[in-house]
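When you number the sequence shown by this note's numbering, it's gap-free, plus one each residue, and the end is 157.
The hints are simulated quantities; they were obtained by calculation from the structure and are not laboratory data.
Glycine is no exception: its CB is placed at the ideal position from the N, C-alpha and C atoms.
Incorrect hints may have been included.
As the list claims (entries may be wrong) - Taking CB as the label site, the calculated pair distances span:
no. : residue 1 : residue 2 : range
1   : Leu-43    : Asp-108   : 34 to 42 Å
2   : Arg-77    : Lys-127   : 29 to 37 Å
3   : Ser-93    : Asp-53    : 31 to 39 Å
4   : Glu-78    : Leu-43    : 20 to 28 Å
Stated by the list, open to error - Heads up, simulated DSSO-like pairs for lysine-lysine below, C-alpha to C-alpha not over 30 Å straight-line:
no. : residue 1 : residue 2
5   : Lys-127   : Lys-85
6   : Lys-16    : Lys-156
7   : Lys-156   : Lys-85
8   : Lys-127   : Lys-16
9   : Lys-156   : Lys-127
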Amino acid sequence: MAEIMERVFMAEKRKFRVEQIDHIHVFAPDQYEAAVWYEEVLGLEILPEHEDWATGGGPLTISSDGGNTSLAIFRREGGSGESKSTVAFRVSGEGFLAFLARLEELDVRDARNNRVTGADVVDHDKSFSIYFCDPYGNPYELTTYDYQYVSESLKR
């Protein structure tokens with residue numbers, strides 16, 4: 002019986018999948034100047050509920066659909082050439098925890114080629130994220146907004 006339960010558990014872990022692209026990181030010397038350009042050219046607007054991130058040194062988040070998919074504008078001098086855009090995938094709280102559970106069996110690395118573990122989870126006060134790269138150096142973020150659920154689960 003234990004062997005069957007283990008196989009069911011392993012099959013469930015393999016069924017993990019992201020829900021959607023949440024946001025993409027882009028870089029600009031002036032976040033607000035960039036936001037004006039994106040609004041004029043693409044109709045993307047600042048998301049007021051996340052503007053506090055920008056005032057704290059984080060991204061200025063803009064979107065055309067109320068935040069279902071967005072651009073996160075980070076301040077960086079030069080603005081191009083040296084930076085790779087990060088694609089952030091959104092998952093539920095359960096999906097986030099399932100991904101963390103799979104890290105022990107997967108060889109997932111960060112930009113410095115260090116193995117990514119559950120200890121690498123970043124608490125953004127309203128979301129949780131974990132950052133990693135594919136084998137080719139492309140950066141990714143897995144994020145969840147099920148903050149309370151994940152916070153309580155990580156405490157256990």
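Hints and how they fare:
The supplied range of 34 to 42 Å is met by Leu-43 and Asp-108, whose beta-carbon atoms lie about 37 Å from each other. A C-beta distance of roughly 23 Å is found between Arg-77 and Lys-127, which places it outside the suggested range of 29 to 37 Å. A hinted range of 31 to 39 Å for the beta carbons of Ser-93 and Asp-53 is inconsistent with their spacing of about 24 Å. Glu-78 and Leu-43 have their C-beta atoms about 23 Å apart, which keeps the hinted 20 to 28 Å range intact.
For the hint pairing Lys-127 with Lys-85, the CA-to-CA distance comes to about 25 Å; that is within 30 Å, so the pair holds. Of the pairs offered as hints, the one joining Lys-16 and Lys-156 holds, with about 25 Å between alpha carbons and a cut-off of 30 Å not exceeded. For a cut-off of 30 Å, the pair hint linking Lys-156 to Lys-85 is broken: about 33 Å separates their Cα positions. As the CA atoms of Lys-127 and Lys-16 are separated by approximately 26 Å, the hinted pair is consistent with the 30 Å bound.
Pair hint Lys-156 plus Lys-127 holds up; C-alpha atoms about 16 Å apart against a cutoff of 30 Å.
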